[in-house]
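Each protein sequence line maps, in turn, to chains F and A. According to the working numbering, the stretch in the first sequence is residues 7 to 341, in order. According to the working numbering, the stretch in the second sequence is residues 109 to 446, in order.
These aren't lab readings, by the way, just hints derived from the structure by calculation. Mixed in with the good hints, there may be bad ones.
As the list claims (entries may be wrong) - Heads up, simulated DSS-like pairs for lysine-lysine below, C-alpha to C-alpha not over 27 Å straight-line: (1) F/K146 with A/K135; (2) A/K204 with A/K184; (3) F/K256 with A/K228; (4) A/K230 with A/K317.
Residues per chain, in single letters:
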Amino acid sequence: MAFLKRYLIPRLIQYVLVVWLGITVVFLIPRLTPNDPVMAMIGMIRARGSTLEPGSMDGIIADLTEMYGLQGSWLDQYWAFWGRLFRGDFGVSFFQFPARVSDLIANAMPWTLGLLLTTTAISWVVGNIIGGLAGYYTRKGWSRTLDAIAMVVRPLPYYIFAFALLLLLAGFMRWFPITGGASLGAIPSFTWAYIKDVLWHAFLPALSLVVLGGAVNFQIMKLLVQNVNAESFVQYAKLGGVTEGRIVRKYVIRNALLPQITGLALSLGQIFSGALITEIVYGYPGLGMLLYNSIVRADYNLIMGITIFSIVGITTAILIVDLAYPLFDPRVRYY
Amino acid sequence: MTAMKQTILRTDQLQAFYVLDMQGAQKIVKAVNNVEMRIYENEIYGIAGESGCGKTTLLKTLFNDIVPPLRLVGGKIYYRIGSEEVDVTTLSPEEKRKLRMEYISYIPQGSMSVFNPVLKLKETYEDFVRSHVSGQSREAIFELAYKQILTLGLPRNILEVYPHQLSGGMRQRVTIALASLLQPRIMIGDEPTTALDVVVQRGVIQMLKDIQQNLQNTIILVTHDMGVHANIADRIGIMYAGKIVEEGTTGQIFSRPQHPYTRFLIDSLPRFGDKNMRSSVPGSPPSLADLPTGCPFHPRCPHAQDICTRQMPDFSHIDENHKVACWFVGEGHHGQVA
């Protein structure tokens, strides 16, 4: 009960406050910039060469203002904004007019989640296990070899690495498709053929993310393990003749993983901003490209929509880690 | 001390050095240098000396935990297992591992991080026991642990907590309980009382004594605290610069110290009613990487003569238990130092 009153409830209030504050800032920033999106839109329509009938101007302005949620005072807009938010309505995209922001995000989200959840999980698990073992058996040949490989791979700029993979395995060897998330014309369905097609397209982007992400986790974990290895409880377990498997698993890796759990949660939270460079290099559909386009074209509603997902994603991830952490480290107690 | 006592642990010209590679130049730290020891069954043997004299390294070597950069340069270590003597330096890592806890156990300093912080103490117990005894159920292991905990007068719920929830004294007691759980023939303690206040020290010393009485086994205890030795040890070895320079029963060491170094140690202890300034050993201990020639104590010794700078003396036997390595003590030399 003390936990509930002294930790959980204040922590939940804090969570709601942070989300509220973040979303409010997202609401305010476009309104504080000097350019008027309605006028910018009209300018854009004109620049494309469309002629507007003089009488229709007022009507268009009124329509656009309503569509962007810009009528009334800021307070009115703010209320309306939250009202729409709770209905899951993020408004209309300016540039892929009249597509709804929620539809655009819903189209991109499965690709991003599918790719990034998998690669983040794989690179975390594989990087930590191999890094942990390599850190414990530092003197072994395979450990040194892996360390040397990680040393070379990790500083490679992601763009170069991804591009090299694409050139080699898709361009030169032709094992994998050059671009896209699925073959053109493939109809999304739960058939093995379609799933295979998606996996085939996702392989190179996933490989590039797993290799680089895994190398980072490998190096961090190796250092963490080397530190834990010098702790007296590990030395004591060795002197007590505890079997090596137990020492590696329960004494070394388990303790070294503690900071990595925080890292995992943060990278899971960041998934909602997408993986822009991967999407550009491999022409993969996803949130990153959507966010990039929305920024370049000042598509406020779309920026707001994606940012809100990102805010909620990261704060929720942190909340979950905070709440789950005492399960991993009994020294952390919230009462 | 009768001569009939069975030897349980014996070393023969033991030399264990740290070989360090300092940018190409080899640096050799002679932490255990020609140590001959004979430790008997059913006794508490204390090893005393200043910080940096090689006590802990000697203990590690006796425990047969010789890992780089520490290297066994010469000599052998024998345990008497059953009725035969085994040279344990030649055992395989797995054979060494099996001896630990079951035959010879280690009592560490009960510092903050001596137990795995993410495991309850009973899980640590389980790991230690399971690594040696196979085929036991979890319940049987806990049963064994609880029985011992109660016998030692510790609270029953002590195994249900995490290590950080215990006080230093309690943690130290748990390390001792764990070390004695499988009834080893030898227990080795490295400064087990050092981080504790004197009241708690007393309790811990009593606990060690009780366990030794109970198991009739051997405890080898390293500490720089002469008061602890006086309270617990049957025999004491005085260590200086990687060598044992004097060895005798506790009574002999405290009432008739022979080596000038031992005398300094004993004279520095406070006594009831004596308000004089205590004198201490002049100078500071030598670097084990750069030992003086001859007797390593000669630069600090008020009685040093030419011969001390040239040659290390052999042991003179004052009686069957008391031996000392000094040119001016015993057999055929210039009598005793003033």
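Okay, the hints, checked on the actual structure:
1. Taking the CA atoms of F/K146 and A/K135, the gap is near 24 Å; set against the 27 Å cutoff, the hint holds.
2. Distance restraint check for A/K204 and A/K184: the Cα-Cα separation of roughly 15 Å lies within the 27 Å cut-off, and the hinted pair is therefore satisfied.
3. Between F/K256 and A/K228 the alpha-carbon distance is near 12 Å, which keeps this suggested pair within the 27 Å criterion.
4. With a CA separation close to 24 Å, the supplied pair A/K230 and A/K317 stays within the 27 Å bound.
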